[in-house]
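These protein sequence lines map, in sequence, to chains E and R. Our numbering puts the first residue of the first sequence at 1, with every later residue one more than the last. Our numbering puts the first residue of the second sequence at 1001, with every later residue one more than the last.
Hints listed in this document are in silico derivations from the structure and should not be mistaken for laboratory results. Computed from a prediction, not measured in an experiment: that's the story for all the values here. Backbone N, C-alpha and C define an ideal beta-carbon position, used for all residues, glycine too. It is possible that some hints are incorrect.
The calculated DSSO-like cross-link candidates involving lysine-lysine, where the alpha carbons are at most 30 Å apart (straight line), are [claimed, not checked]:
no., chain 1, residue 1, chain 2, residue 2
1, E, Lys245, R, Lys1074
2, E, Lys245, R, Lys1010
3, E, Lys10, R, Lys1245
Computed footprint of chain R on chain E; a stretch qualifies when at least three of its residues, placed anywhere within it, have a C-beta under 8 Å from a C-beta of chain R [as the list claims (entries may be wrong)]:
no., segment
4, 39-45
5, 172-182
Residues on chain R that point at chain E, a partial pick, calculated with CB under 7 Å [unchecked claim]:
no., residue
6, Thr1018
7, Thr1020
8, Thr1130
9, Gly1207
10, Leu1230
11, Ala1233
12, Thr1235
13, Leu1239
14, Ala1240
15, Val1242
16, Leu1243
17, Arg1246
18, Ile1249
19, Gly1251
In case you want the letters, here they are:
Number of protein chains: 2
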Amino acid sequence: MRALVIDDGKLRVEERPTPTPEADQVLVDVASAGLNRADTMQARGLYPAPPGWPPDVPGLEFAGTVAATGRGVKALNEGDRVLGIVGGGAHATHLITKEDLCSRLSDELDMVAAGGIPEAFITAHDALVTQGDLRPGQRVLIHGVGSGVGTAAVQVARLLGATTVGTSRTEAKLLKAEELGLDQGVLASESMADEIGEVDVVIDLIGGDYLATDVEVCRVRGRIVIVGLLAGARTTLNLAAVLSKRLTIRGTTLRARPDYEKALAARAFEREVLPSLQHGDTQVVVDNVFMLDDAAAAYEYMLSNEGYGKTIIDCRGGLGRTAE
Amino acid sequence: MRALVIDDGKLRVEERPTPTPEADQVLVDVASAGLNRADTMQARGLYPAPPGWPPDVPGLEFAGTVAATGRGVKALNEGDRVLGIVGGGAHATHLITKEDLCSRLSDELDMVAAGGIPEAFITAHDALVTQGDLRPGQRVLIHGVGSGVGTAAVQVARLLGATTVGTSRTEAKLLKAEELGLDQGVLASESMADEIGEVDVVIDLIGGDYLATDVEVCRVRGRIVIVGLLAGARTTLNLAAVLSKRLTIRGTTLRARPDYEKALAARAFEREVLPSLQHGDTQVVVDNVFMLDDAAAAYEYMLSNEGYGKTIIDCRGGLGRTAE
């Protein structure tokens, strides 16, 4: 197999022996794997892999085909098309994961795009529903609406019968998000609270001083789910508003969760989101596809913050193939 | 009836016509009523009464006897002993409230002490269980452990099978709280986090910079419930820790809740806490009892922060009676 390896802050593709699945594990022939900010932090040595996952091969999500199954694997067979989140190792031609972390796919899905589904859609569904308790008819604010998670959250919220307002620093991303079903786009600024109006739930991929806006726009019993910290980790908090409006502020991340919690999030996603992806009502927004051999360029590109939707690594075998 | 009236920042006891209960309401002959910080803020003009409650008579909790019932009242009869939380009006000899906000009492409870039960114990139970999801075997930190809510929270947490660590700025309050069952007392200081160790839930009656300690001591998936803001409303927050530990920070207050939510909290308290109060396994800690005519002195006393447990107003009729 071939894997993208982090070596002292540098990325290179390396030949490694293809592993054999142990009990409850499957070997996946990876078709594609989304790129996430956590990967770029891991590559820079700022975010060690969670325990039990490859320490030097990044990649937190995948789509591919089951190539071999370990003892005790019941629901999956060789040749099954699957996708899922993992704690690392997906930026490679082959990946060992657990059966419980895989969701089976129908044949309709494009397998290159599918590698960008798991992190964005499982995170969005988990943040909106499991963490944010979003209900039909409620209004949700999505900061960073042009990101992978943001474009997924717009669609999942609509699927749930909620209304969406999204922010971005780029007008063009707002216009594209409106094509996806975003009800109201707001250009990010210090005074954006007035334009946003009142909301029940906030999905905040930006953090930092955006939290002050979140607290301001939340209705009584509002829920603020912090998913990312692009604008920084330290901020001030108005506890009087948190108390009088009885707000909930919750931090969330999939990567650090133990596997049984990742599996729980995957089951909820399978039940409530995957059918709509398979029917095509909901779609992963693909920004850019890089070949595994060009993965280092994908990591550079993500840091430019210019992407809209998911950056995906095409991991299908051969050297020198070009992206579709 | 006689009522404590707020008049331009001053408190005085005034004769008023005794009201008649309307549909679903009861008239209560008030035996006693706890004093809360929200009352002292209301008296200073800083915290208007919630809608639907007397604007100028404070008092958020009571114990007493049903004196009359309105149309549609089903479970209560004249002469029943009751206690409950209200949105105001309890610092008076008589009070109109709703049947749903009353909990019936057995004959064993001392009716002067009982007026200090509802806010402290309903708040503590709601914060620990409903907001904080405290489970048996978990460890809970209680800041301001010598307060009415603090002394109730120590006992309710023990009742639930949890372990308690409490902070106070006064060594003597910690020693008294240990007599109540507090497992570990910690003198409040800037470096208290080390001494506290790890906890699953925080009940924070202090706010301000205590939040930094709360975030530091919480385990993964910890819950921080902000109940009071004695140390101030503005603070800084380490969002990176909130995200990586997947913490929940939640503000709570009973006073601002609509009546149906107050009634829900009262039902949970009746089921899980009241039996233990009636058996005497759990007790309200009475710091001081003031007669209704001396209520202004009680308000002064509370601001000294020297109390341990509840300050209670004895509202039983006659002028010139002395406290028991």
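Now for the hints, and whether the structure bears them out:
1. Lys245(E) - Lys1074(R): The hint is violated at about 33 Å.
2. Lys245(E) - Lys1010(R): With Cα atoms ~28 Å apart, Lys245(E) and Lys1010(R) stay inside 30 Å; holds.
3. Lys10(E) - Lys1245(R): With a Cα-Cα distance of about 28 Å, the restraint between Lys10(E) and Lys1245(R) holds, given a limit of 30 Å.
4. 39-45: violated (count 0)
5. 172-182: violated (count 0)
6. Thr1018: violated (33 Å)
7. Thr1020: violated (32 Å)
8. Thr1130: violated (11 Å)
9. Gly1207: holds (5 Å)
10. Leu1230: violated (11 Å)
11. Ala1233: holds (4 Å)
12. Thr1235: Thr1235(R) check passes; min Cβ-Cβ to chain E is 6 Å, inside 7 Å.
13. Leu1239: Holds: closest Cβ of chain E sits about 5 Å from Leu1239(R), inside 7 Å.
14. Ala1240: This interface hint holds because 4 Å falls under the 7 Å limit.
15. Val1242: Nearest chain E Cβ about 4 Å off; hint holds.
16. Leu1243: holds (4 Å)
17. Arg1246: holds (5 Å)
18. Ile1249: holds (4 Å)
19. Gly1251: Holds: closest Cβ of chain E sits about 4 Å from Gly1251(R), inside 7 Å.
Checked against the numbered hints above, the structure violates hints 1, 4, 5, 6, 7, 8, 10; every other hint is satisfied.
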